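Chemist: Letter by letter, the chains look like this.
Protein chains: 2
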Amino acid sequence: MTRIACAQIAPTLGAVAANIELSAAAIADAVAQGADVVVLPELATSGYMFADADEARSAALRPSDSAFDAWRSAAGGAIVVGGFCELGDDGLLYNSAVALDRDGVIATYRKTHLWDREKLIFTRGADLPSVLKTRYGAIAVMVCYDLEFGEVTRRVALDGAELIAAPVNWPLFPRPEGERPGEVITAMSTGRLNRVFVAVCDRAGVERGQPWTEGSVIIDPDGWVIADVGPGSGLTIADVDLSRTHDKTLTEYVDLFADRRVDLY
Amino acid sequence: MTRIACAQIAPTLGAVAANIELSAAAIADAVAQGADVVVLPELATSGYMFADADEARSAALRPSDSAFDAWRSAAGGAIVVGGFCELGDDGLLYNSAVALDRDGVIATYRKTHLWDREKLIFTRGADLPSVLKTRYGAIAVMVCYDLEFGEVTRRVALDGAELIAAPVNWPLFPRPEGERPGEVITAMSTGRLNRVFVAVCDRAGVERGQPWTEGSVIIDPDGWVIADVGPGSGLTIADVDLSRTHDKTLTEYVDLFADRRVDLY
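Chain order of the listed sequences is A and B.
Per my numbering, numbering through the first sequence is continuous, rising by one, with the last residue being 265.
Per my numbering, numbering through the second sequence is continuous, rising by one, with the last residue being 530.
Please note that the accuracy of each hint is not assured.
Pairs of lysine-lysine, DSSO-like flavour, derived with a Cα cap of 27 Å [said to hold, decoys possible]:
1) K248/A <-> K384/B
2) K133/A <-> K248/A
3) K119/A <-> K513/B
4) K398/B <-> K513/B
From chain A, some residues computed to sit far from chain B (all C-beta separations above 10 Å) [unchecked claim]:
5) M49
6) D65
7) G77
8) Y136
Derived coverage of chain A by chain B (criterion: at least 3 residues anywhere in the stretch with Cβ under 8 Å from a Cβ of chain B; other residues may be distant) [unchecked claim]:
9) 138 to 149
10) 184 to 191
The hints are simulated quantities; they were obtained by calculation from the structure and are not laboratory data.
In this text, all values refer to a predicted model and were calculated from it rather than measured experimentally.
Glycine included, every Cβ here is placed at the ideal spot set by N, Cα and C.
Could you put the whole structure together from the sequences, leaning on the hints where they help?
Modeler: And the structure:
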């Protein structure tokens, strides 16, 4: 079994040192509870509601920045996936996520689908998410709005992802009474259509008037929510058997992948 | 506004004449309530739980069959979309849906993704659903399991579908207390990711021990259920503005279609 944790924290805009401290404490808490994979929100080191690129630049980090030492120190035996505001070697800003462990950075992913005013600040990533073969399974890292593109989620599932780990900052949208957030519905559908686990880590709090959905969830290959944080800051944990994702069949004659009409798409 | 109706009926296996009568009465009922588009279940003329191809063949119809006269007569000014067991000119059996009005058949679609034991009986359709330009808008007809392939639902949305009309027979799967059926969750996600309306007509009843989800729903471009039938036989109706689907934006800088990374897919 693999223990997955999502740490729904509330970063402070621009306060990188404080956010590193907050997120490292959340990692340490999850690891103390036995987590093997810890997912943090999008832009966990910087906050989200930048007024402009200059403000984002002042909170940007390189993956090699010593700020991530605190994450590595807290990681113990776990893998950490978290969002950060990246300054590229090309001098451009990216809305990125890093996967790392105590030994260093495993991979950095730059968000390929930029949401709303992010387009005024960040450059789109040039590569779709790859599937990372880690000691805790095959993990595809994507960021927030990427999840809304079936082209991407299907791709990583076909490429063998067992777990989609997605740092997000889901701005709060209205929804009918009793309904789950639309983004959660799509994450559930992603799980069941691809028979993968999906771990989404949202953020908490209100930033410059923007409330967040606080919708962190862990979803199983049947598409059901097996863990969630609920309102406010908090940690949610689920123990999962990632090998369940290897079987894409539902009955003797139903195979969600083999049944694709690749001759027609 | 366009009035859409889903008629969740309970056909009797193999009783074609009785099923035509039942479904024509449901069409007439919907039309009497002002429906412009009436959706019937998958295999509405035949029932579903065939033991083998011979049994299916004995309940098969050609689109030109006079049995459909009853649907045309009941249609009034409406367009009817309903599933039937098709005998092709090639002598093969197809799990098909017809779109027709009082003037005749508009199009026939043969299910491209066969579910489970359907593979032992039917031949897969050779063509993905097309988008029918009707006087009540651009309608994409697909059948049941087709809805579970984002490749198809995205395609028809990109091709300009305003409404996905889907006859289904959803076999009942267990689900956690309080959750919508997984197939409904995927239909909701389809609506919101593509900003299209989705009208799904399920069947009612138990056939050869198989219970159905009885999950007929009409979903709006935000992904919310705006009408449903609930358990048992019944009709549900929604008045919708199909032109809402022309706008794929959510904010000034968010466009669900323009934001696709077609350079990377």
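Chemist: If a hint holds in the structure, say so; if it doesn't, say that too.
Modeler: Right, here's what the structure says about each hint:
1. Taking the CA atoms of K248/A and K384/B, the gap is near 17 Å; set against the 27 Å cutoff, the hint holds.
2. The suggested pairing of K133/A with K248/A holds, with an alpha-carbon distance near 19 Å, which does not exceed 27 Å.
3. A threshold of 27 Å between alpha carbons decides the hint, and for K119/A with K513/B the separation of about 17 Å falls inside it, so the pair holds.
4. Between K398/B and K513/B the CA atoms are separated by roughly 19 Å; this keeps the pair inside 27 Å, and the hint holds.
5. For M49/A, the condition that its CB be more than 10 Å from all CB atoms of chain B holds, with the nearest at approximately 14 Å.
6. Consistency note on D65/A: stated as away from chain B, and its beta-carbon is indeed over 10 Å from all of that chain's, at 27 Å minimum.
7. Remark: the non-interface label on G77/A is consistent with the geometry, its nearest Cβ contact in chain B lying 32 Å away (cut-off 10 Å).
8. Remark: the non-interface label on Y136/A is consistent with the geometry, its nearest Cβ contact in chain B lying 26 Å away (cut-off 10 Å).
9. Using a Cβ-Cβ cut-off of 8 Å, 3 residues of the segment 138 to 149 of chain A lie near chain B, which meets the minimum of three, so the contact claim holds.
10. With a cut-off of 8 Å between beta carbons, the segment 184 to 191 of chain A has 5 residues touching chain B; three or more are needed, and the interface restraint holds.
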